[in-house]
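Visitor: Here are the chains, one letter per residue:
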Amino acid sequence: MRIHRRVITAVLSCAILLGTSVRAQVNNGESIPDVTRTIALTNARVVQAPGQVQERTNVIIRDGLITTIAPDAAIPFDALEIPADSFIVYAGFIDGLSHTGIPEPKEQPNRERPDDPAFPPPEQAGIQPQQDVRSLLDPEDKRITAMREAGFTAAHVVPRGRMLPGVGAIILLAGENANEMVYRGDTALYAQLAGARRMYPGTDMAVIAKLRQLYREAARRQKVEQLYAENPAGLERPQYDPVLYAMFPVLDGDRPVFFNTESVLDLHRVLAVQQELGFPMVLTGLTQSFDAIDKLKLANLPLLLTLELPKEPEDSEEEQSPDFTEVALTDAAVELPQIEAPDYDADFRVSSLVDVAAEKENLEARREIAYKAHVGNAHMLESEGLTFGFSSGSVKPGELLGNVRKMIKEGLSEDAALAALTTTPAQILGLTSSMGTVEEGKLGNLVVTKGSIFDEKGEIRYVFVDGRKYEIEPPRKSSGGDPDADVNPAGTWSLTISTPDGDIGGTLTIEGSADSWSGSLTVEIQPGAVPVEYIVLSGNELTFSFDAPGVGTVESSLILDSESLSGSFDVPGLGVATVSGTRTSDPEMSNQHHN
Amino acid sequence: MMNYLYSLLISTVLLITPPTNEAVDTITALTNARIVTITQGTIENGTIVIENGIIVQLGTDVDVPDDAQVIDLAGLTVYPGMIDSGTQMGLVEVGSLSETRDASELGDLSPQMKSLTAVNPNGVAIPVTRVNGVTTVLTVPSGGMLPGQAALINLHGYTPQQMYAGFEGVVLQFPSTGRRGQFDSRSEEDVQKAATEAIKKLNDTWDSAELHHRIDSTYQAHPEDGRRPEYVPSMEALKGVVRGEQSLIIQVNTAKDILAALDWIKARRMNNVIFSGLAEGWRVADKIAEAGVPCLVGPVLSIPTRASDRFDKAYKNAALMHEAGIKIAIRSNDTANARNLPYHVGFAAAYGLPVDAALRAVTINPAEIFGVDDRLGSLEVGKEATFFVADGDPFETSTTILHVFIAGFQVPMESRHTRLYEEFLNRNPGLEKHNGQ
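If you read the sequences in order, they're chains H and R.
All letters in the first sequence, in the order written, are residues 1 to 595 by the numbering used here.
All letters in the second sequence, in the order written, are residues 596 to 1032 by the numbering used here.
Incorrect hints may appear among the rest.
Residues on chain H that point at chain R, a partial pick, calculated with CB under 8 Å [stated by the list, open to error]:
no.	residue
1	Ile32
2	Leu80
3	Asp484
4	Pro549
5	Gly552
Some chain H residues well away from chain R (every beta-carbon gap over 10 Å; in silico) [stated by the list, open to error]:
no.	residue
6	Val35
7	Arg37
8	Thr67
9	Asp78
10	Ile102
11	Glu176
12	Tyr200
13	Met205
14	Ala206
15	Glu384
16	Lys396
17	Glu440
18	Lys457
19	Thr496
20	Thr522
Each computed EDC-like pair below joins lysine to aspartate or glutamate, with the alpha-carbon atoms no more than 16 Å apart [to be verified]:
no.	chain 1	residue 1	chain 2	residue 2
21	R	Lys834	H	Glu555
22	H	Lys469	H	Glu176
23	R	Lys788	H	Glu104
24	R	Lys788	H	Glu533
25	R	Lys795	H	Glu104
26	H	Lys142	H	Glu104
By construction, these hints were calculated from the structure, which means they are not laboratory data.
Note that beta-carbon positions come from the ideal geometry of N, C-alpha and C, so glycine has one too.
Full structure from sequences and hints, please.
Guide: This is the structure:
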């Protein structure tokens, strides 16, 4: 299964296109104590649940709970008021399944070979259904902060491991210590088709056999226990066995198994064993569920789709080269019809070295098809009427939202995407009465954005977990500068700085030559010029900083061409202001003047 | 060892000088003195009458009561007690012994830490300092961004409360935006990033403090309408400053940081601010003067901040700031050697600070800055009898201080220095005795 994934990744291995930018970690909120537990978001657009929107509404959070949602709700005297006129409030996202809060072990444990690899001790073989994730939580795990900054407020977390890593818990993505984070324990047994290394069960086949064996042994043991409990006289004492005992709630149907699948083969195998044994199950992962839609419909199980996507194949340069057209025209084999996907011939053959380009093209077409299938997976599930929640799995938190946006581009509806991030995981995890929607009485778990969360330009500004405010710094705009461009920034530039309070004019003067730029900035609202420091020109991107009186150091990034510039000023505490400008004197004049 | 020192000190105070310690109940008259009042000129051949620790009469035409204890000060001069505007007196005993250092709390946010509660009235440096004419000091906590509250204390008393001289101010170490020194090897980007984060943290903290003040005020006005606000000690401690009822002492040294601090207080609309440190204050003196922020300057006996500066920039700093029109007080920024405050002032005077301005910088100016000028800072009827008597200019090292009065108490002119001097001056008998056996 692991190998299979690697093949897919290899086939699709191309350039990365990150949908979201990596955000700087913000450490406020941790050390500055909160002076109030009452927060009022005023005049916000509130998406209470998928498809259910309230305009210009006040949301009051008090003592960790949403207490009031009403357009004219009075603002309590002790509230921290956040004017949210330009913000959208969503329910905090719920991660269906991941290892958030459980740091990756630095060294792989159990490196020793057991005496008898055919009968290894259960811990070494990755069979630890008795392990409780609550004992493994680390509030310092960096993924907690990163997930929160991606809009996630709660997560269903399970231990790391192989076949049966242990029992999961619902955690809130905030808290000073592990106990504070735990919302509910004992949620589910996590299972995956991951064999032990160089010992039994090492293969998928063995994992399934071992699971079946464990299940049956546990069932038998349960019976023996019952008999012994009724009347121990004359019966041999049943020995304590933590592994088997941990299976009892699964046998009783009280503890669902969250079974992870990646390839479509995994999916068939897991469904087969579940139907055979009959334990309650939630299917997770589902990387290739697009190939097993009918079976999933029939099984009618709760689904958690991973947000992991393969890397997007990059457009190769050959595609644009003139040879390509020539080859494509002469090649009769490229004709297999595919909807909106590039043509791909599974049985493509070339006759000579001359056609190498065509062969390459055929491979790229195949990559494209596979990629589209993965990105379109969520849309396919939706259009087939299957409900699913999202899980973050091992995806980098910074890529999660970008991946959702890619799925939406492939047809997934925004409501279904929001449901998969909020209401559906709440339902699957039994949290509907406390999380998943913006409703009075529910936990103060919210995501506040500027612009739609599913829009490329949407930015998360605040995340509330359990009523605690976390301000998210807007990402530094990646400038999109051209590192190979050759421009001379020297001269004077007339600037227009767009701020929420209106446009401000200014003049930027840059002097000197490469490696020794100097400059100054005048802004019309402030008398006098401030020196511009740390000027760096890389390609056509000019970065510098200056001290704005009263606000601190402003970081600036501008893209220049010969006559105009555009970019941004990052003003501490106020946000990013966009800047545009035109040249008012050119380098020659400036240099002459200078000399 | 410390116990021994304490008991020695206490016995010294209790047993050796019984008559003077009761001075507060008696009437004392100091006659034939040259009186440097600071605020009302210098009086030749004047008399000061003290009753209940307060100056009740002062001048040439004074009616000395019959029951007064009279001290003839012919040929001597009386000055108001000097105020050192920056020390860690009573908080640090031996700098290299962590057990005796009580000035610094961990973390950035501990404005609720009051240095007054930590002051050790039996600190060995206290008598050492006061016998040199320094009667009152500001004792300042150190540590993170908001390390606590500084307290003005008189250098006499058995408990911190007895020593308290009527002023407490919240200390802010203004975030440093530059390198910490020539050994700071951080990259330009890291320095910049750290500075931005520090300023952001300061602003976030202040936003919180202002919100806390707003919630608290609303609640106090109508307690019946709402529930009691969260108790947040650090924000509670900043309430006075946010409301403008308490002073904020901003420690800031480099020119760039001073300008940033000026911008910050302007943006926050604060006028209850005192600057402290100001090693590069002379570079931006006009800006400080324009903002009208009083400054606690020093140490004077120091080296310039930049390699390009003239050798005497630290000596001239106070004079240049005074010339620019800033109200200055001088601090030693020392503890064990806070006794050298007069020589800091002396150097400032030698490098351009007018002598009267120099005197004011350790008397009436700090008293006004700390809002205790109704009690301290000059020799006037109605003020506390806190002064010293010298046989010359106190800024000269050759001058001897003969008497020190703190709130009417004539303090013994004893200290660890005098005891060590006495002990080792007369070693002979001990050695003779040994040889004789």
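Visitor: Hint by hint, say whether it matches the structure.
Guide: Structure-based check of each hint:
1. Ile32: It holds, given that the least Cβ distance between H/Ile32 and chain R is near 5 Å, below 8 Å.
2. Leu80: holds, 6 Å
3. Asp484: violated, 23 Å
4. Pro549: holds, 4 Å
5. Gly552: holds, 4 Å
6. Val35: violated, 4 Å
7. Arg37: For H/Arg37, whose nearest Cβ neighbour in chain R is about 6 Å away, the distance does not exceed 10 Å, so it is violated.
8. Thr67: H/Thr67 is indeed farther than 10 Å from all Cβ atoms of chain R, at 13 Å.
9. Asp78: At roughly 4 Å from the nearest Cβ of chain R, H/Asp78 sits no farther out than 10 Å, so the non-interface label is violated.
10. Ile102: holds, 29 Å
11. Glu176: Correct as stated: the minimum Cβ-Cβ distance to chain R is 14 Å, above 10 Å.
12. Tyr200: holds, 52 Å
13. Met205: H/Met205 clear of chain R: closest Cβ-Cβ about 53 Å, beyond 10 Å.
14. Ala206: The assertion about H/Ala206 holds, with a minimum of 52 Å to chain R.
15. Glu384: holds, 49 Å
16. Lys396: holds, 22 Å
17. Glu440: holds, 19 Å
18. Lys457: The assertion about H/Lys457 holds, with a minimum of 24 Å to chain R.
19. Thr496: About 24 Å separates H/Thr496 from the closest Cβ of chain R, which puts it past 10 Å; holds.
20. Thr522: The claim stands: H/Thr522 keeps its Cβ more than 10 Å from every Cβ of chain R (closest is about 17 Å).
21. R/Lys834 to H/Glu555: violated, 32 Å
22. H/Lys469 to H/Glu176: holds, 14 Å
23. R/Lys788 to H/Glu104: Given pair R/Lys788, H/Glu104 is violated - Cα atoms ~29 Å apart, limit 16 Å.
24. R/Lys788 to H/Glu533: holds, 14 Å
25. R/Lys795 to H/Glu104: violated, 32 Å
26. H/Lys142 to H/Glu104: holds, 11 Å
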